[in-house]
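Given chain Z, work out where chain A should sit, using these hints.
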Amino acid sequence: MPQPERQGPDAATAPPAIEMIGISKRFKTVVANRQANLTVNEREIHAVVGENGAGKSTLMNILYGLYRQDEGEVRVFGQKVEDHGPTNAVRLGIGMVHQHFMLVPPFSVIENIILGIEESAGPFLDPSRIARQVVELGDRYGLKVDLEAKVQTLPVSMEQRVEILKVLVRGARVLILDEPTAVLTPQEVEEFFKVLRTLRDQGSTIILITHKLKEIKAISDRLTVMREGTTVATAATGDVSREEIAQLMVGRPVRFAVEKKDRPPGEVRLVAKNVGYTSAGRRLLDGVDLSICSGEILGLAGVAGNGQTELVQGFTGLIQGLEGSIELDGRDLSGLSVRERIELGLGHIAEDRLKHALVPDYSIEDNFALGLHHRPPCTSLGRLMRSAIRAQAERLIGEYDVRPPLPELPARQLSGGNQQKVVIGRECSREPRCLIAALPTRGVDIGAIEFIHQRLVGLRDRGVAILLVSTELSEILSLSDRIAVIYRGKILKTLHAAEATESVLGLAMAGVA
Amino acid sequence: MNGQRAAGVVAQVALQVSAVALAFVLGFVLVLIFGYDPFEVYSVLFNGALGGLENVAWSLQNTTPLIFTGLAVALAFRAGLFNIGAEGQLVAGAFAAAVVGWAVPRLAGQDLSGSPFWNATWYPVGAGVVLATLLALAWTAVPHRGRPAQRLAAVRRVAGVVAALVAILYLLIPRASGLFLWVGDVAVVPLALVAAAVAGALWALIPALLRSRLGVSEVITTIMFNFLATLLASYLLTTTAFKEPGAVPQTPAVAPRAQLAELARFAPQSCHRDLDATQLNTGFVLALVVAILVAYFLWRTTLGFELRAVGANAEAARAQGISVGGCVVLTMLLSGALAGLGGAEQVLGVHHHFVKDFWVGLGFTGIAVALVGQNHPGGVVLAAILFGALQNGAVEIDMMTLFPRELILVLQALIIFLVASGPMLQEILLRRRR
Chain Z
1 MPQPERQGPD AATAPPAIEM IGISKRFKTV VANRQANLTV NEREIHAVVG
51 ENGAGKSTLM NILYGLYRQD EGEVRVFGQK VEDHGPTNAV RLGIGMVHQH
101 FMLVPPFSVI ENIILGIEES AGPFLDPSRI ARQVVELGDR YGLKVDLEAK
151 VQTLPVSMEQ RVEILKVLVR GARVLILDEP TAVLTPQEVE EFFKVLRTLR
201 DQGSTIILIT HKLKEIKAIS DRLTVMREGT TVATAATGDV SREEIAQLMV
251 GRPVRFAVEK KDRPPGEVRL VAKNVGYTSA GRRLLDGVDL SICSGEILGL
301 AGVAGNGQTE LVQGFTGLIQ GLEGSIELDG RDLSGLSVRE RIELGLGHIA
351 EDRLKHALVP DYSIEDNFAL GLHHRPPCTS LGRLMRSAIR AQAERLIGEY
401 DVRPPLPELP ARQLSGGNQQ KVVIGRECSR EPRCLIAALP TRGVDIGAIE
451 FIHQRLVGLR DRGVAILLVS TELSEILSLS DRIAVIYRGK ILKTLHAAEA
501 TESVLGLAMA GVA
Chain A
514 MNGQRAAGVV AQVALQVSAV ALAFVLGFVL VLIFGYDPFE VYSVLFNGAL
564 GGLENVAWSL QNTTPLIFTG LAVALAFRAG LFNIGAEGQL VAGAFAAAVV
614 GWAVPRLAGQ DLSGSPFWNA TWYPVGAGVV LATLLALAWT AVPHRGRPAQ
664 RLAAVRRVAG VVAALVAILY LLIPRASGLF LWVGDVAVVP LALVAAAVAG
714 ALWALIPALL RSRLGVSEVI TTIMFNFLAT LLASYLLTTT AFKEPGAVPQ
764 TPAVAPRAQL AELARFAPQS CHRDLDATQL NTGFVLALVV AILVAYFLWR
814 TTLGFELRAV GANAEAARAQ GISVGGCVVL TMLLSGALAG LGGAEQVLGV
864 HHHFVKDFWV GLGFTGIAVA LVGQNHPGGV VLAAILFGAL QNGAVEIDMM
914 TLFPRELILV LQALIIFLVA SGPMLQEILL RRRR
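Line order of the protein sequences matches chains Z and A.
Position 9 of the first sequence, counting from 1, maps to 9 under the numbering used here, and the rest follow consecutively.
For any residue, its number in the numbering used here is found by taking its place in the second sequence, counting from 1, and adding 513.
This is chain A alone, in the form it adopts within the complex:
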């Protein structure tokens, strides 16, 4: 049985690889038709994509956000959802990461005890709020009967916990500025990543609720949320609150402590010259770890089991007691969080600012990556590398040859087309045998 499954996996991979190869062959013919030398174009393409350590690093740098958005789309696909909103969620995550990475270290250095919220008048009021919250928490512990009451109790419990945390932070901050300094210093990267994931998830929340409660197609709502995110972000970059002074529409730079370290720092001295030019950073490692976690989640946890069951046969899942609506919301939140992390990697690792339009195409390419990668985390990583390398090869073609860079887009489109029509090709082959 294991052998059989392995054979199935091999057949799947072989199909995808042959689709990619076929796309390259068709691209070759295309170059020829347009009157360029295909050997020259292809050699520049491959050299640009994978020739030498520096080009490999560039390619992997392009790959990293695509892994995140590809995973986001693939995870949603597994639950039968088509999350086209990865781009908007990525923007939301990136923005949150930028704000945390810029504002928290600045705030951490300040003494807050004299500021409006923590002065002698307000501090007792705050303490009262803390007491009230703790009382509310105690109230939620009282058992209730019946289902609606149970759900309400759950909501109250969550609200109570959040309120208590806020209250405790409020009480502690002026007393323990050391803690706050630590947050601003060491913990700022994890904090920014968490903020990005939460922001990405929240950006997916409304489409998720609309889908699970009212059956509104997530395809349409997530597209609309892309517009909301990108246009809102563009607008915020015109306001003094978020725009750095200067000609470039971007937020102020994130603090050095909030940046993701460049991988060059961990590489041997001899590689530094090649790696220094790129911004390949620990975000790439994070992407690989996240891919493994997603795979573990999907196939080794009870929630993953339920999520895939909903994707494979929602009716059967419902009949077996799985909450389909709950799975839809959870999936969309996780999907949004993955895309949000991709945004954080871009801001904290590559640009160090939230720059206008850095996001263009990242979410949509993620859909292609998920498709080519067959919605499997491993496949997504490989497909993201393919697309990242092609992008870098395209840059090289642009610089080194007269051939229009659009070829690479055509090639990408061919790959997606052929991979998507893989089942169709199989079907045609089968039918002929009949």
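Only chain Z is shown next, with the shape it has when bound in the complex:
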């Protein structure tokens, strides 16, 4: 086990690139950071890991000058920082790449890069000088991008390069990267890690915010674990195991492997035949054939944006007018509304819970009722049965361990993991015939992932047919009985879980069948 971190600059002999000492930050009554300490040495890749709400983002935003700490001290290259702000951070050589890219899609790459430096460069710009600089940086770090291409035509991995170039052009020596791999395929992640190593070897310092344990092990030199607003440990990555890191993050031992008994699949529940969909001239789904049996989890692997969203929305009825046919229990779903499909037993864990699964301003109990709120016990003669809704919510809050256990609390105020528990609890408790689970663990922390996985397997064992859509290969591999790979709207491969390996799937996800 790693030692708790010692405080102060005496931890290293040379002045480290970043020191944050005793940082506390409060938002109204919520303590976001409590006596957090972070020391990042020069020329290292330092992972900051922790669950959602552990205070990683707040700490990084303080470092970048977006927030001001209530207590504590920030030192950059040994120099104490006073009167911090984003402009100041840029001057000190700190750059940040946010999780959600901040690019202007119709602008070209070079225009986007210029946009980033405009504020500090005075009224006159010399685009050709900047372009030369960008090309030089790109050559040096292996960040090749077509400068004239419009950002909207670029794949996400390229957008990320543009974001990194933006930061480098502004002279950043310390890069903060917030969940950079969330949008990349396994192969792209490899490519990206190469860039990071080059950056480090050429003298940059990199702070990587992440919760993916495997990547931490693969790329970082040292890591700092955060829990409940404070830093609980700092260690060299080689000295700690995945299990130890996870235990530090969650505060208790975590099981990674999902216990799953072999179980022969039952009768066919959901069948899609030759499903196609074209929107705005783009062929988003093309000849998709799938079938899911009772008591089976079919994993749908693929890089985000290859038609998964459209397929899921086609199943649930959010998109109408698909070509081909979709049948549930032998009944054709075409033309049926979302409500009719819910009533037939089609459950849906939406990939974007705040957009499609929850009404954030509604209370927990109302969100539990949504979807079947128009039926008994929630409704009687057009009136909402408040007591029945409350009783249902109290039962599910207990069963699915939603915290805080307050049925009247707006769902907006829950953490991501607890919001997802509300969604999972609602959909699972209805004993669906078939459950469409789209990214069920997206943005959810390790403890909740474990819980959600157990629930999904439990449903499968009770005979529910489950379509699991995920961009996390490890999730697909550990839960699925069969795996289908989708690429540009087509199912490239369907194979049994036993035959599947990460490399086979990874290649198929990149379109190499």
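Keep in mind that the hints were calculated from the coordinates and are not lab data.
Every value quoted in this text rests on a predicted model; they were computed, and no experiment measured them.
We put the beta carbon where it would ideally sit given N, CA and C, even for glycine.
Do not rely on the hints blindly, as some may be mistaken.
[What the hints assert, rightly or not] Every beta carbon over 12 Å from chain A, so not counted as near; a handful from chain Z, in silico: (1) H98; (2) K212; (3) P410; (4) R455.
[Stated by the list, open to error] According to the in silico footprint, chain Z covers these stretches of chain A (three or more CB under 8 Å from chain Z): (5) 809 to 817; (6) 826 to 836.
Just chain A, lined up with the frame of chain Z:
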């Protein structure tokens, strides 16, 4: 948890009250700048608004239509719709109430058996139509498969029921003139109110359909429908069919039986002298009852639940099987009906005629009322009282002081401005703490 929610409500109310108070302070400074005595102006204002039973009654009389239009706007807001058309819907409702209140009691007294539709030639034809309608009804009962067929069947069923009702009325009227007399006598007020609600709802129907089917912004269409309603009404008041003979552009008076009773009738004798001057009527009580019904609808019925879900997150509502388009149409119809009721109160309770231009500002002030009242029926009632009282205070200022009456408009604008910028103020306070 309940305590926490109560604290939230208190904080909301406190924010609104402090915004109103701040507006009064700024108004005070304004009066001073213009060189008038703010103490005198404010004392006249408050006296005019709330001083004595008569002034209170006047203020509540001003308040009543604002409750209706405020509720109309607030209900639409709850479903994420901005109904600027409350004024047009109010006009449509008022006109319908005026026509029913004037024409029905007159018609009720007449013997119809000799009139063209009910003579010996036409009556058998009418009876045939009745039979055909009943057959059509029976046909709608035949089950159909598939969704488009279902929808068609629903339309046919509604049409069948309406046709059957018309037919039955047709058959009964000459036989049971007693029923018709009863309608013209006792039931005319409910009939006029229903007509006003239906007319208001119909006036909102086209914008509602355009929004739900084609995504046309209801903001623009409802504004246009305001013009249509007010100009059409003004035109009709120039035609002999609807204009009462005389200099005033108004419809003939509604029958006494069609008027909403003045509250003075129910008050103790000692208050009569104060109340008689005003037209404060049972419409005010109706407004309060309707406010309670709207609150019940929003928070205790399944439809209200769906409507608020659509307002809070239409995408999520759709994904949970709620028909967003259906909710949009329903909301607009209800919103229009509420505004229409406000028009009925004005015609049946206050003016007793449909008078040209009585509606000016009622719908738009309703938007301000909904805003200040935070789109909550209780808040709407309180905000409507505030605006009604300010209006009456303005009249008093006009009569008693040299100060221009426009001050009151400035004050109202200040209140709306400060209330609307409440979240902004909060944000500024928070940011400074960062």
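Hint-by-hint comparison with the structure:
{"no.": "1", "hint": "H98", "result": "holds (19 Å)"}
{"no.": "2", "hint": "K212", "result": "holds (28 Å)"}
{"no.": "3", "hint": "P410", "result": "violated (10 Å)"}
{"no.": "4", "hint": "R455", "result": "holds (20 Å)"}
{"no.": "5", "hint": "809 to 817", "result": "holds (count 6)"}
{"no.": "6", "hint": "826 to 836", "result": "holds (count 10)"}
The earlier numbered hint that this structure contradicts is number 3, and it is the only one.
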